[in-house]
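**Q** Under the UniProt record's numbering, the very last position in the sequence shown is 363; numbers go up by exactly one each time.
If you are wondering where the hints come from, they were derived from the structure by calculation, not from laboratory data.
Quantities reported herein were computed from a predicted structural model and do not represent experimental measurements.
C-beta atoms are modelled at their ideal positions from N, C-alpha and C, and glycine is treated no differently.
It cannot be assumed that every hint is accurate.
[Unchecked claim] Cross-link-like lysine-lysine pairs, in silico, DSS-like; alpha carbons within 30 Å at most:
(1) 117 <-> 140
(2) 310 <-> 117
(3) 348 <-> 310
(4) 140 <-> 348
[Stated by the list, open to error] Between beta-carbon pairs, the in silico distance windows are:
(5) 358 <-> 241: 49 to 57 Å
(6) 79 <-> 361: 22 to 30 Å
(7) 49 <-> 215: 42 to 50 Å
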Amino acid sequence: MRIGVNALYLIPGGVGGTEIYLRFLLPALAEIDPHNQYFVFTNRETGADLVPPQSNFTHVPQAVRAVNRPARLLWEQTVLPLAATRLRLDVLFNPGFTAPLLCGCRQVTVFHDLQHKRHPEYFRWFDLPFWNFFLFWSAKVSRVVIAVSDATRNDLLRWYRLPPSAVRTIPSGVDPRFFEIAARREPECFLLAVSTLHPHKNLDGLLRAFAVFRERHPGYRLVVSGIHGFFSPQLHALRESLQLGESVEFPGWIPREDLYDLYRRAAAFLYPSLFEGFGFPVLEALAAGVPTACSAIEPLDSIAGDAALKFDPRDTGAIAAAMRRLIEDEGLRARLATAGPPRAAQFKWRTTAELTLAALAER
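Make the full structure from the sequences, and use the hints.
**A** Shown next, in the form of structure tokens:
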């Protein structure tokens, strides 16, 4: 097969989980598949380092920037289909939600969530028309739609009325380097949350819970690492109104090496999200052996199983209680730290690649 990979959406350090997905899936595909030819279309922001070095992978740079969304979408709808025809592609793989609506080859598109349907209140009014139009029609023109969790698959079937046979649940994997952290952890007095600063991540609830937690544990800090979103000013203002000051840190997006170190040193990990399509940070914390508490929602329940403490994300008291248990209950901490890595080991990029390759081969 001649397989195109549409990476035009990718902004290094700017698109969160969808970047993690592609950066680990491509090497996994290269490892299992030396036979098919891959053509990886990238934008001006993304370097050739995204493309595996194997001889059956070809870098096809495009003269468009992803940060200019209208220009990127126009390019995706006009220039990309022409390039697909010129390269005689058999299938175009779209790992970032959107696809060309007219294309001369089969398409397989990945949906990481349908947040804009489940929680439109978290979107700016001028963003919703884009999400509603392009995601709906991208799903409709795709031969196969990949959902990263059963929760996302159920949303696709509900909102887009897709035939069940066209939608595959293919869970993502976990960065194997996190497993190395478990054996050399040196916990310090801080709680860690890794999350984009968007409303649905419920970081305002986390800050309020941390304020309650600090009444009994004033020596602890909270580090919230992730891409700054349009909700950032509200979170900074809330930190000041709760008089948390320097006890709460927002370092923003940090390089992967620094992120490994944060997990290594964190006393515990919190993930209070109100909505998720998958939940990479929870999986990373489990793999690293960090005692973890997360929202009792799907798909986090399915990912974490019994290896994490669960709480109602809308209950500030429940989040604060989970923080206290993770710090005060040594037996619980030890059990979660032991249970995390084997649970996370069930999510392998090789498996994701094998199932994705099978979807790409469907006629």
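**Q** Would you pick out the hints that fail for this structure and give their numbers low to high?
**A** Every hint satisfied by this model.
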